[in-house]
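If you read the protein sequences in the order shown, they are chains A and B. Using the UniProt record's numbering, the first residue of the first sequence is number 1, and each one after it goes up by one. Using the UniProt record's numbering, the first residue of the second sequence is number 1, and each one after it goes up by one.
Errors might be hidden in some of the hints.
Listed next, the in silico BS3-like pairs over lysine-lysine satisfying Cα-Cα at most 27 Å (straight line) [to be verified]:
#1 Lys712(B) with Lys621(B)
#2 Lys761(B) with Lys827(B)
#3 Lys181(A) with Lys217(A)
#4 Lys769(B) with Lys620(B)
#5 Lys124(B) with Lys111(A)
#6 Lys827(B) with Lys111(A)
From chain B, some residues computed to sit far from chain A (all C-beta separations above 12 Å) [unchecked claim]:
#7 Ser41
#8 Phe740
#9 Ser849
No lab work stands behind these hints, which were simulated from the structure alone. Cβ coordinates follow ideal geometry from the N, Cα and C atoms, glycine included.
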Amino acid sequence: MLYSIKHTTTYTYQETVPLCHNLATLAPRDTPSQICRSFSLDISPVAGIVDEYTDFFGNRVFYFVVEQEHEMLSVTTSSIVERKTPEWKLTAKNLQSWESVRDLLQSSTGKYMHEKQFVFPADITVATEAIQQYAAQSFTPQRPLMEAAGDLMQRIYTDFTYTPGFTTVSTPLSVVMGERKGVCQDFAHLGIACMQSMGLAARYISGYLESIPPPGKEKLTGSDASHAWFSVFIPEMGWVDFDPTNNKLPDEQYIVIGWGRNYFDIVPLRGVIMSSDLHQLSIAVDVKRLTGSRE
Amino acid sequence: MSGQISVEAFLQQHIPDSHSYNELYTEQGNIRATWESFFSSWQGMGHTEIQNRTNDILRLLKENGVAYNIYNDPSGENRPWELDPIPQIISATDWAIINNGLVQRATLFNLLLKDIYGPQTLIKEGIIPQELIYMHPGFLRSCMHINLPAQQHLVIYAADMARGSDGRLWIISDRTQAPSGYGYALENRFAMSSVLPELFSNLQVRRLSPFFDSLQQALHSIAPNTNDTPRIVILTPGPENETYFEHSYLSGFLGITLVQGNDLMVKDNFVWLKTIDGLERVDVILRRMDDVYCDPLELKSDSLLGVPGLLHVVRKGNVAIANPLGSSIIENAGLMPFLHLAARHLLSEDLIVPSIATWWCGQPREMQYVIDNLPHLVIRRIFRQTAGTRTAIDGASLSAAEAATLIRKIKANPHLYTGQEKINFSSTPSWVNGKIESRNSLIRGFLVKKEDSFVAMPGALTRTNYTKSSFVISNQTGGISKDTWVISSGEDHVQPVKFQLQTSGSYNLIQKESLPSHTAENLFWAGRYTDRLINNARLLRTVMQFVMHNQQPSQATANATKKILLAALTHCTYSYPGFTGNENTEQYQQLLNNPWNEFLQTQYDENKSGGLSQNLVLFKKSVYNVRSFLSADSWRVVDQLGETWQRAKSQPHHEPASMINDIDNLNTSMFAFLGMNRESARREQEWAILDLGRKLEQSLFIIRILQQVLYKRQETQTEYELLEAILAATQSMVTYRYTFRDHLQLPLVLELLMLDMNYPKSLAYLIDKIRLHVSTLPKQGKTQTLSEPERLMLEAHTLLSLSNGLVLSKLEGSGEEYVPLSKLLVKLNELLLETNAVISKTYFKHTLSQQQLFVTRVL
Numbered sequence: 001m002l003y004s005i006k007h008t009t010t011y012t013y014q015e016t017v018p019l020c021h022n023l024a025t026l027a028p029r030d031t032p033s034q035i036c037r038s039f040s041l042d043i044s045p046v047a048g049i050v051d052e053y054t055d056f057f058g059n060r061v062f063y064f065v066v067e068q069e070h071e072m073l074s075v076t077t078s079s080i081v082e083r084k085t086p087e088w089k090l091t092a093k094n095l096q097s098w099e100s101v102r103d104l105l106q107s108s109t110g111k112y113m114h115e116k117q118f119v120f121p122a123d124i125t126v127a128t129e130a131i132q133q134y135a136a137q138s139f140t141p142q143r144p145l146m147e148a149a150g151d152l153m154q155r156i157y158t159d160f161t162y163t164p165g166f167t168t169v170s171t172p173l174s175v176v177m178g179e180r181k182g183v184c185q186d187f188a189h190l191g192i193a194c195m196q197s198m199g200l201a202a203r204y205i206s207g208y209l210e211s212i213p214p215p216g217k218e219k220l221t222g223s224d225a226s227h228a229w230f231s232v233f234i235p236e237m238g239w240v241d242f243d244p245t246n247n248k249l250p251d252e253q254y255i256v257i258g259w260g261r262n263y264f265d266i267v268p269l270r271g272v273i274m275s276s277d278l279h280q281l282s283i284a285v286d287v288k289r290l291t292g293s294r295e
Numbered sequence: 001m002s003g004q005i006s007v008e009a010f011l012q013q014h015i016p017d018s019h020s021y022n023e024l025y026t027e028q029g030n031i032r033a034t035w036e037s038f039f040s041s042w043q044g045m046g047h048t049e050i051q052n053r054t055n056d057i058l059r060l061l062k063e064n065g066v067a068y069n070i071y072n073d074p075s076g077e078n079r080p081w082e083l084d085p086i087p088q089i090i091s092a093t094d095w096a097i098i099n100n101g102l103v104q105r106a107t108l109f110n111l112l113l114k115d116i117y118g119p120q121t122l123i124k125e126g127i128i129p130q131e132l133i134y135m136h137p138g139f140l141r142s143c144m145h146i147n148l149p150a151q152q153h154l155v156i157y158a159a160d161m162a163r164g165s166d167g168r169l170w171i172i173s174d175r176t177q178a179p180s181g182y183g184y185a186l187e188n189r190f191a192m193s194s195v196l197p198e199l200f201s202n203l204q205v206r207r208l209s210p211f212f213d214s215l216q217q218a219l220h221s222i223a224p225n226t227n228d229t230p231r232i233v234i235l236t237p238g239p240e241n242e243t244y245f246e247h248s249y250l251s252g253f254l255g256i257t258l259v260q261g262n263d264l265m266v267k268d269n270f271v272w273l274k275t276i277d278g279l280e281r282v283d284v285i286l287r288r289m290d291d292v293y294c295d296p297l298e299l300k301s302d303s304l305l306g307v308p309g310l311l312h313v314v315r316k317g318n319v320a321i322a323n324p325l326g327s328s329i330i331e332n333a334g335l336m337p338f339l340h341l342a343a344r345h346l347l348s349e350d351l352i353v354p355s356i357a358t359w360w361c362g363q364p365r366e367m368q369y370v371i372d373n374l375p376h377l378v379i380r381r382i383f384r385q386t387a388g389t390r391t392a393i394d395g396a397s398l399s400a401a402e403a404a405t406l407i408r409k410i411k412a413n414p415h416l417y418t419g420q421e422k423i424n425f426s427s428t429p430s431w432v433n434g435k436i437e438s439r440n441s442l443i444r445g446f447l448v449k450k451e452d453s454f455v456a457m458p459g460a461l462t463r464t465n466y467t468k469s470s471f472v473i474s475n476q477t478g479g480i481s482k483d484t485w486v487i488s489s490g491e492d493h494v495q496p497v498k499f500q501l502q503t504s505g506s507y508n509l510i511q512k513e514s515l516p517s518h519t520a521e522n523l524f525w526a527g528r529y530t531d532r533l534i535n536n537a538r539l540l541r542t543v544m545q546f547v548m549h550n551q552q553p554s555q556a557t558a559n560a561t562k563k564i565l566l567a568a569l570t571h572c573t574y575s576y577p578g579f580t581g582n583e584n585t586e587q588y589q590q591l592l593n594n595p596w597n598e599f600l601q602t603q604y605d606e607n608k609s610g611g612l613s614q615n616l617v618l619f620k621k622s623v624y625n626v627r628s629f630l631s632a633d634s635w636r637v638v639d640q641l642g643e644t645w646q647r648a649k650s651q652p653h654h655e656p657a658s659m660i661n662d663i664d665n666l667n668t669s670m671f672a673f674l675g676m677n678r679e680s681a682r683r684e685q686e687w688a689i690l691d692l693g694r695k696l697e698q699s700l701f702i703i704r705i706l707q708q709v710l711y712k713r714q715e716t717q718t719e720y721e722l723l724e725a726i727l728a729a730t731q732s733m734v735t736y737r738y739t740f741r742d743h744l745q746l747p748l749v750l751e752l753l754m755l756d757m758n759y760p761k762s763l764a765y766l767i768d769k770i771r772l773h774v775s776t777l778p779k780q781g782k783t784q785t786l787s788e789p790e791r792l793m794l795e796a797h798t799l800l801s802l803s804n805g806l807v808l809s810k811l812e813g814s815g816e817e818y819v820p821l822s823k824l825l826v827k828l829n830e831l832l833l834e835t836n837a838v839i840s841k842t843y844f845k846h847t848l849s850q851q852q853l854f855v856t857r858v859l
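With the rest of the complex left out, here is chain A:
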């Protein structure tokens, strides 16, 4: 399926700002089930410097500096992405138990180095005792990892209430766990914390959901903004995505921007301005299905 994504972020300042430095991680990267056909970044006012580089996790990052006085900063990205639903071939091999995957990761040195880094909890995904206990319920002895992870996703979906405005970007998971409320970012972090507390590798995916559902299909939660979910490493299958907000294995309606250990590794847009005055932020995301796929 071919999608056109338009994402506009606008900052309005109370007073003129002479200089601002920004990092944008908004360009969808290529994955086994996704190809980014085009990407463009429009910055208003015009940025003096725009540099692209690849970050530690392989995501495309744009560093830009607005070096002229401005009262409003507007960043618009336009992408065309071709996405297909991943096809997981379930074989006997990938029905291996979560314990065997845990041990494989733990004992490996060189081979699974890349995957293993996602076993180590970082800051926000450090599990509390309550989280550890919550996770353990899905990981019964010898259960296949794929099944256990699916069960965890379903339980988060059932046990937690999607409540925009209850948390902020830095609300600790202990609060989310205690109140059983949050948004997709919290649920993704919770899923990662649970997996890591069991010694498994999980990472945070930043992306989008199709905003207008195909006829007859329900609109998904989180489709009017950036969305997030988590991904679990299962040997032989690779990285398998789980969306606990919608209790869904991400399919062709999900567009991936990139990944990291958690939100803070892949903040869509961040910046530092030279000003002590207040500012406002507004965001518009539009993910449209392009009629007539090229293939």
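Once you have looked at the hints, place chain B on chain A.
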């Protein structure tokens, strides 16, 4: 000294258990030759003399402002640096081993750093566990695969070492991101060699200065652009930092500009220093700031200390930072058990100087060992936590409950903990309260990159603890330092008896560097606060003297004068509400009858805004900010002035006469300070900016006092008294009498204080000086035309030139008011404030703070 007993007998006499000191004695029980020479000189001087000289050292260090802490800490936690007159002595043979061991370790860390941020072969091959790197907060993922232009990444390295009872040195911890202490080591040597040169006489002590030459060279060598002389800066978190003294000391000693994060900015993928001449490109940054604080955009997002975008300039190869961002990954106690394998892998060598035995809890067997042997170990986290929390805990100091809590924490996050052996420290002789006692010591050695290897400072910073037994020594928990003497093997340079070092400016830079805007602003404000303090002190004294001499309220005229002067005092010092209340209230009448309580507060109360004590605090703070521009003498005056004032302030009773005396003393010191400033200013421009601040403050004060006191006609007697007070408050009485040889008349007073071009306290003179100073400031754009401040001051100058005393003294309108005078004063005030604003905007530009933008919420 005749009849001198042997050193051996002397030591026996003074330290009964001296034979247990392996620092002093060889295994055969003979005193080591170096210590024998040392104590022979020591004995020659005698204990009384030593104690006197030690006091001199402490005074010298204090006067030089050496401190490890916050000088202006409001809580008053000002801990001066303490120096033991008995040095740590390292023999030439021992040094040869230490030197090789440290150079090897620095070499190893350099390779390790390049590997961790590059191919990661050591992790891939299982030599270093991945967790140890990936779970350490010092592993900065944004620094991965950055191609640093310099071949060698590590520039400066410091190691903390201790000597075990077997005489071997062990490395306890490593400092790789922004090591501190080499400035203190230099200052220790400076103090020792100035105050106790005799002690050096029998020993060939190696000089420290070659190390600093190497540091200079190293900083030059890493510059990304090798065509020109690189612009180097030292980046400090600011005066609140615990080692700020060292930052400013090194800045002076190396001749490198000291900057804070907001003095720098990133633009066009380069780092720039904001100077009064505009932006100047920076090539090399010697940072004294922890990794994550350096760039609020890519690293610690709530840091207000760093420079947004700095890491990207590094990525583009346009600036070099010593040490490179990310190097705190090496400050990792968990690495210690793996270093010998890493050394074999990377260097094909065994470690020359071993690390202290360390068990990393990330491995199950090691964790069990640590838990089982908790009381016999020091538990250390693999990274230093935020300030104020301890990284290392002596297992023996824990209660059963505390130990259980710690074990639980270790089990929850085993990767973050290590257990380290407690070394049986060798003790070293120390001078404690007039006696020689034994103490444990910790030696910090320093290395700097030289060509493709490293060179060690032939010396170190040694610290001992206050009490006899302690396994954890740090500056933050208190301690005494020692100069560290490395004895020459005869081939290298030795310490001359008289150490020729200045505390500042010992390198003459050929290249002219502009004054950073921030420094200019600090100098300007140091000038303003200096004169504010002097003016307010004089005015307070004048008003108090008037009240003292007119105790009898019988004379209505005296009462009228008193009211005006009291109100003027409040208005001029901004110590509101003060004497500005409604005259008809009882409260005001009481205040008028007994103003002394208010005077007391205005003089001594630090919390009284506009009061002298508060002005003094502001003055000291502003001067502290520019302390690298002051000579040691000026600094001593400021220090003594503060102490004298503190003593005066804390007297239980204050009499009017003693209060006036305190002000006299304060002013005398202030003038001593100013005199020394003029003499020791390094650059004309710096002095001009300080003086600009002074002259501006003085002009504003004269305008304000004239406005407050001479707004309308008074009874003749009152007017006379007021004129007398103004002349007294501006110290102009003698000049008036000398110039006019007449009784006090308003037109003549105005001629003197406002219009006399040759009188240094007159507005005309002051404004002319301001005009001169602003004309020396760099100009943007066309240089032929007048700058805005020049134009404003020319206007003020012209207005004054066209006035005369008689015209200004005219009364106008039905009211008996000095309208022409008031109008002129209002206009002049406006022009001066405008000048101040334009200077601020053009040259300081320092008002902008930085802030994080809101981040997108993912829903």
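Hint by hint, which ones does this structure get wrong, listed from lowest number up? Hint check: 1, 6, 9 fail, others pass.
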